[in-house]
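Student: Order-wise, the sequence lines are chains R and Y. Position one of the first sequence corresponds to residue 3 (our numbering), numbered consecutively onward. Position one of the second sequence corresponds to residue 57 (our numbering), numbered consecutively onward.
Calculated directly from the structure, the hints in this document are not laboratory data. Please note that the accuracy of each hint is not assured.
With a straight-line Cα cutoff of 20 Å, these simulated EDC-like cross-link-like pairs (lysine to aspartate or glutamate) come out [unchecked claim]: (1) R:633 / R:569; (2) R:630 / R:552; (3) R:494 / R:516; (4) R:13 / R:554; (5) Y:104 / R:682; (6) Y:104 / R:687; (7) R:630 / R:555; (8) R:802 / Y:66; (9) Y:104 / R:683; (10) R:492 / R:513; (11) R:802 / R:629; (12) R:633 / R:554; (13) R:13 / R:555; (14) R:633 / Y:66; (15) R:13 / R:552.
Covered stretches of chain R (in silico footprint by chain Y; criterion: 3 or more residues with CB under 8 Å from a CB of chain Y, positions within the stretch not fixed) [to be verified]: (16) 282-294; (17) 637-649.
Just so it is clear, the structure is predicted and the values come from calculations on it, not from any experiment. All C-beta atoms, glycine included, are put in the ideal place defined by N, C-alpha and C.
Spelled out, the chains give:
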Amino acid sequence: MNDPRADRLLKAWETPKGWRYWSAVNNSEVGLWYTLTAFAFFLFGGVLALIMRVQLAVPDNDWLTPDQYNQIFTMHGSVMMFLFAVPILEAISIMLLPEMLGARDLPFPRLSAYGYWCFLIGGVFVCGSLFFGVGPRGGWFMYPPMTTEYQDGIGPDIWLLGLSFIEIASIAAAVELIVGALKCRPPGMRLNLIPLYAWYILVVAVMILFAFPPLIAGDLLMELERAMDWPFFDVERGGDPMLWQHLFWIFGHPEVYIVFLPSIALVAMMVPTFARTPMAGYGWIVLAAVGTGFLSFGLWVHHMFTTGLPGISIGIFSAASEAVAIPTGVQIFCFIATLLVGRVQRNVCLKFVLAGLATFIIGGLTGVMVAIAPFDYQAHDTYFIVGHLHYVLIGGTIFPIVAGFYYYYPFVTGKQLSERLGNITFWLMLIGFNVAFFPMHIAGLLGMPRRVYTFPGGMGFEGPNLISSIGAFALGTGFLVLLWDVFRPKGKQPLVPRNVWNAGTLEWSGEVPDQPWGIRSIPIINSRYPLWEQENLLADIDAGNFYLPDAEEGRRETLVTSAVDAELMQCLRVPGPSFLPFWAAVFTGGVFIFSTYHWWIPAGCCSVLSFATIVTWLWTGTAEIPEKETKPVGLGQSLPLYVSGPAAVGWWAMFITMLGDMTAFISLVFGYFFYWTVHEDFPPEQWNGEPVVGAGTIWPLVSVGLAVVAWCAVVMARRLNREDHSVGFYSSSLLAVAVTVASGAALVWGPYSNGMDPTVHVYSSTTGVLVLWTVVHLALGATMLVYCIARRLFGKMDAKHDADIVNVTLGWHFLMLTVAITGSVLALFPWVA
Amino acid sequence: MNQQPVPLHDHGQRRPMKKRLWWIAISPTVWAIHFLACYITAAVWCEKIGEGNLRPLQISVGIYTAIALPMIIWVGYSSYRNFRRGDPPVPFDFDDPTDRTHFFGFTAFLLSALSVVATLFTVLVFVLVGSCD
Ligand SMILES: [Cu+2]
Numbered sequence: 003m004n005d006p007r008a009d010r011l012l013k014a015w016e017t018p019k020g021w022r023y024w025s026a027v028n029n030s031e032v033g034l035w036y037t038l039t040a041f042a043f044f045l046f047g048g049v050l051a052l053i054m055r056v057q058l059a060v061p062d063n064d065w066l067t068p069d070q071y072n073q074i075f076t077m078h079g080s081v082m083m084f085l086f087a088v089p090i091l092e093a094i095s096i097m098l099l100p101e102m103l104g105a106r107d108l109p110f111p112r113l114s115a116y117g118y119w120c121f122l123i124g125g126v127f128v129c130g131s132l133f134f135g136v137g138p139r140g141g142w143f144m145y146p147p148m149t150t151e152y153q154d155g156i157g158p159d160i161w162l163l164g165l166s167f168i169e170i171a172s173i174a175a176a177v178e179l180i181v182g183a184l185k186c187r188p189p190g191m192r193l194n195l196i197p198l199y200a201w202y203i204l205v206v207a208v209m210i211l212f213a214f215p216p217l218i219a220g221d222l223l224m225e226l227e228r229a230m231d232w233p234f235f236d237v238e239r240g241g242d243p244m245l246w247q248h249l250f251w252i253f254g255h256p257e258v259y260i261v262f263l264p265s266i267a268l269v270a271m272m273v274p275t276f277a278r279t280p281m282a283g284y285g286w287i288v289l290a291a292v293g294t295g296f297l298s299f300g301l302w303v304h305h306m307f308t309t310g311l312p313g314i315s316i317g318i319f320s321a322a323s324e325a326v327a328i329p330t331g332v333q334i335f336c337f338i339a340t341l342l343v344g345r346v347q348r349n350v351c352l353k354f355v356l357a358g359l360a361t362f363i364i365g366g367l368t369g370v371m372v373a374i375a376p377f378d379y380q381a382h383d384t385y386f387i388v389g390h391l392h393y394v395l396i397g398g399t400i401f402p403i404v405a406g407f408y409y410y411y412p413f414v415t416g417k418q419l420s421e422r423l424g425n426i427t428f429w430l431m432l433i434g435f436n437v438a439f440f441p442m443h444i445a446g447l448l449g450m451p452r453r454v455y456t457f458p459g460g461m462g463f464e465g466p467n468l469i470s471s472i473g474a475f476a477l478g479t480g481f482l483v484l485l486w487d488v489f490r491p492k493g494k495q496p497l498v499p500r501n502v503w504n505a506g507t508l509e510w511s512g513e514v515p516d517q518p519w520g521i522r523s524i525p526i527i528n529s530r531y532p533l534w535e536q537e538n539l540l541a542d543i544d545a546g547n548f549y550l551p552d553a554e555e556g557r558r559e560t561l562v563t564s565a566v567d568a569e570l571m572q573c574l575r576v577p578g579p580s581f582l583p584f585w586a587a588v589f590t591g592g593v594f595i596f597s598t599y600h601w602w603i604p605a606g607c608c609s610v611l612s613f614a615t616i617v618t619w620l621w622t623g624t625a626e627i628p629e630k631e632t633k634p635v636g637l638g639q640s641l642p643l644y645v646s647g648p649a650a651v652g653w654w655a656m657f658i659t660m661l662g663d664m665t666a667f668i669s670l671v672f673g674y675f676f677y678w679t680v681h682e683d684f685p686p687e688q689w690n691g692e693p694v695v696g697a698g699t700i701w702p703l704v705s706v707g708l709a710v711v712a713w714c715a716v717v718m719a720r721r722l723n724r725e726d727h728s729v730g731f732y733s734s735s736l737l738a739v740a741v742t743v744a745s746g747a748a749l750v751w752g753p754y755s756n757g758m759d760p761t762v763h764v765y766s767s768t769t770g771v772l773v774l775w776t777v778v779h780l781a782l783g784a785t786m787l788v789y790c791i792a793r794r795l796f797g798k799m800d801a802k803h804d805a806d807i808v809n810v811t812l813g814w815h816f817l818m819l820t821v822a823i824t825g826s827v828l829a830l831f832p833w834v835a
Numbered sequence: 057m058n059q060q061p062v063p064l065h066d067h068g069q070r071r072p073m074k075k076r077l078w079w080i081a082i083s084p085t086v087w088a089i090h091f092l093a094c095y096i097t098a099a100v101w102c103e104k105i106g107e108g109n110l111r112p113l114q115i116s117v118g119i120y121t122a123i124a125l126p127m128i129i130w131v132g133y134s135s136y137r138n139f140r141r142g143d144p145p146v147p148f149d150f151d152d153p154t155d156r157t158h159f160f161g162f163t164a165f166l167l168s169a170l171s172v173v174a175t176l177f178t179v180l181v182f183v184l185v186g187s188c189d
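Working from the sequences, and respecting the hints, build out all of it.
Tutor: Rendered as structure tokens:
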């Protein structure tokens, strides 16, 4: 190939060499590291499970102390959920999604890299605690008061801070994936043509956006209680442990679907390939994905049936739990239908798919059983639940992911996994899994409780437990064989042919071995299975006949299209390799890790450094003014290089991030009203003889008034900038900054002047946390304005290139809403109540 | 190469709601709001005010439902009209770039049907359960 265009393109997308390799931000590198790291955590979690099964193999075993056992089962659950199940979906998606969409990369590659490094640092930190015997011991759900009053040491802090840190990385990945799926599709790929995987990921990323923030809010409350003694969960001072359960399960139930849907998405990619036919019922599957996404938020209370809620609330959630079975069933029927219509090709991959579906159906049936409240009263906190959840999660998540390993291994390495070893793995896993988890249902029905480190003999628990332990080791052996197959040297094995499975979707258009550019030229798509249905597609892609076949300026570029119809909108320049995300993650990690040990000075230094790194990153890497307005992208078309407002990917990222931020804030407000509904004395008249006054009426409202002024000034600043009225822009922005500071001060002054001590009563602490949240956001709002002023001063923003101030204004709309809600709740609600 | 270049996005042109992505999310969102309203009303009523008498609670749920169900049904009906203009969607539906509208209609119709069922499930609880406990 002697195409100078290809050489330039290759040069632009070259992966850095040597130690600089670790500065790579391209989706294929980051996605691969991410996948391997998540898989390593999975193996760690699996070893913990085996240790537990050894302990439980015989009655009255004293191999582990109760304390060790508690740390191990807590860590097993936390690792599997937070360090494997969620990250693996993000990992696989970062690796696959751009290739499926024929995009060169996701829109914010450095954000993916940042997310990855955060995940690695946080994960090692959380897992490491186990080796020092200081791991958390409260179960992966961390219920207070066990984790607030009855646990000394820093275990819970490690859990709270370490995992909050990882959750932030997950939200970053969700932003990336939503914008990627909506805006970085190839031209012509309308919404009814996108690969089903992208639909699922879109739904899941939106779910992450609304499910994780409540948990972050809960983490914040619990950490404030542990570190500052703000009594959110302390019954003595008006708190209530049930608030944690609500916040946790508003996250925790959707979480089950967050880990399950992406695996089903992998199945949705594999089934048509092996059935040699398009997926039947595309619309039905989209219905199932979107419907499950919505309904799964209406289920959180089914984890709390035995906590003494009103019967009618239990009824509502029981109803929703039954309803979610409908869309779940629909997608499984679609898969089965496709397999029946097509001429099925049998191989290990498909075996894992089928095993996954079968197992998931069994788990789903026991799930419908426990969704019925009276049955749940019996089975609650027994091994029946352990059996049920492992059937759902292993059947729904792990088997499809293993299938995905077999399916996508050639995509990553150009080699194939062995069918022979695969069959051994398959039978070991399938039999081992059923032998391990089926007896748990029986042990549970016999009355064996969960989370016990041992059990007495003579109650009928010995048989099922011994069988379970044997099965667990068979399952573990299966994973060992898989591990060997994945990592054994394959130097002599020939490379696979291009599109080895003869699949129809774009990710298989890559050459073998793959080139770093992602795709030679970005094609026009007009069918769901372009490799099957579009004639001459591969040849045209390879010849560079489509979009962006060249990189004249040596920059990394990809196309941005409209969200519904994928019409061309922009040629987006994406940033290349950099160590900035790495350092940003190290310093952010430092803030969280040092805070765990209450080492406030290093934590403070790290927060300054991380702030500086992130500002440098934004300053040098975003909203760059291009050297020319438009550039030709091929096929005789020209596209703008700079856009702002709703057309820009940055605007979408801001909007999506703010939605997540708002969700966390609403969770805190929910807490305020929660205390009001369940407690007679909220807001209380007095506590321990001292009157408890609120934030007062005047000052919170003054704060809202000032925020309105600031907000108007921000909107004015945006307009004045666009009119190129620079004096007006600077004065309007500076006015906004000054008034923002005053607004924050007024908000703090209210409760402060009334002598509200957050440690006295839950009323003062909830007030405190709302004020704290809002003031931090006001500070952020002011900082963003200062940033815009600096951008304009240094010529990085002008009347035509105004993405910075447009995005900041968007953020300010949400900030305005936050201040308005906080102010009116604090000032007015005590009058209503 | 027999490809026609893809048109450029026209920022000036406003599109009707039925051609926007969130059209398909309306029905489930109505379900979610209805669900939350029912839950919050029930929680506040049972914890704060209620003395065993569920009548006012049932009436408010009736009002919520009287607002929510027609909305979902309206979305479902107009989506149905949208997709019926095309060919019947079995088994391989709308694999054609121009069929985006049919696809939206079909999915929105299915989601509306699901939302109706889920809403009715919620309402049924208030019909069948006679007390807070
Ligand atoms: Cu659940």
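Student: Against each hint, give a clear statement of whether it holds in the structure.
Tutor: Now the hints, each set against the structure:
no.: 1; hint: R:633 / R:569; in the structure: holds, 17 Å
no.: 2; hint: R:630 / R:552; in the structure: holds, 17 Å
no.: 3; hint: R:494 / R:516; in the structure: holds, 18 Å
no.: 4; hint: R:13 / R:554; in the structure: holds, 11 Å
no.: 5; hint: Y:104 / R:682; in the structure: holds, 8 Å
no.: 6; hint: Y:104 / R:687; in the structure: holds, 18 Å
no.: 7; hint: R:630 / R:555; in the structure: holds, 11 Å
no.: 8; hint: R:802 / Y:66; in the structure: holds, 19 Å
no.: 9; hint: Y:104 / R:683; in the structure: holds, 11 Å
no.: 10; hint: R:492 / R:513; in the structure: holds, 19 Å
no.: 11; hint: R:802 / R:629; in the structure: holds, 13 Å
no.: 12; hint: R:633 / R:554; in the structure: holds, 10 Å
no.: 13; hint: R:13 / R:555; in the structure: holds, 11 Å
no.: 14; hint: R:633 / Y:66; in the structure: holds, 18 Å
no.: 15; hint: R:13 / R:552; in the structure: holds, 10 Å
no.: 16; hint: 282-294; in the structure: holds (count 9)
no.: 17; hint: 637-649; in the structure: holds (count 5)
Hint compliance for this structure: every hint is met.
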